[in-house]
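Trainee: Residue numbers (mature numbering (1 follows the signal peptide of the UniProt record, and there is no 0)): -24 to -1, 1 to 212.
Some hints here could point you the wrong way.
To be verified - No more than 27 Å apart at the CA atoms, straight line, and that leaves these computed lysine-lysine pairs for DSSO-like:
1. K203 x K74
2. K11 x K99
3. K203 x K149
4. K31 x K116
None of these hints come from the bench; they were simulated from the model.
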Amino acid sequence: MHKYSRLAAMGLALALSFSSPLFAEEKAKPFSDAKEINLLNLLPPPPANDSVQTKAEIGQVLTIQVTRTPDMEARAVADQEENVWRFSDVIDNPKFSKDNLPKFSAFFDRVVETEGAVVDPAKDVWKRPRPHLLYPELVKPVVKLTKSGSYPSGHTTVGTLMGVVLSNMLPEKRDVIMHRAWEFGWNRVIGGIHYPSDIEAGRIAGITIASTIMTHDDYKTEFEAAKAELRAALGL
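Just need the whole structure built from these sequences, with the hints factored in.
Mentor: Right, dumping it as structure tokens:
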């Protein structure tokens, strides 16, 4: 009986060890951070809550709220995912998948992490309340609610950043990729979770981050490997 108890205890300990943070997937390392790219020095402060601009932007949000279609809402909900695979519809190739592109996937994991490392500190300083927090009785988002700062839009930043990087790998698809990146950001307004000025600031931030990390040696090395893998997989 004691033998079986010891075996059970060993099995439990082994199971717990594999569920511990020690075995958790390692987080991708960003290519840059807010020390190098300080958005507080790049972007103007967001409009004040009681400003004419914010009130006008709330009007835009409310107009969209009553005119958006179910398809528009579904698109906004789907674009909550912050990853490069949201560009699958414009790449339009079954080989464009995580399983087929391990180097590309790992590279873009770092690209996505860079957005948070740069944008989150600025959000925490400005603390612009999102539309549904400023006017909770009026604004009804269709996407996941959050209380984090609204300005600049992190989704827009990362969408723009991914679009710039991806279009540099596939210049023959630049127009459709950047159109998709713009839509990715605007879907945050359609979803009711951001102001238009958040989107504008996010696009500026995304382009700035892209132009900065392009100068880094580790970025250049990983970019070329990811680009070669992608183009080979797509037959380009």
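Trainee: Now look at each hint and say whether the structure bears it out.
Mentor: Going through the hints against the structure:
1. K203 x K74: Distance ~14 Å between K203 and K74 Cα, so the pair holds.
2. K11 x K99: holds (14 Å)
3. K203 x K149: holds (14 Å)
4. K31 x K116: holds (16 Å)
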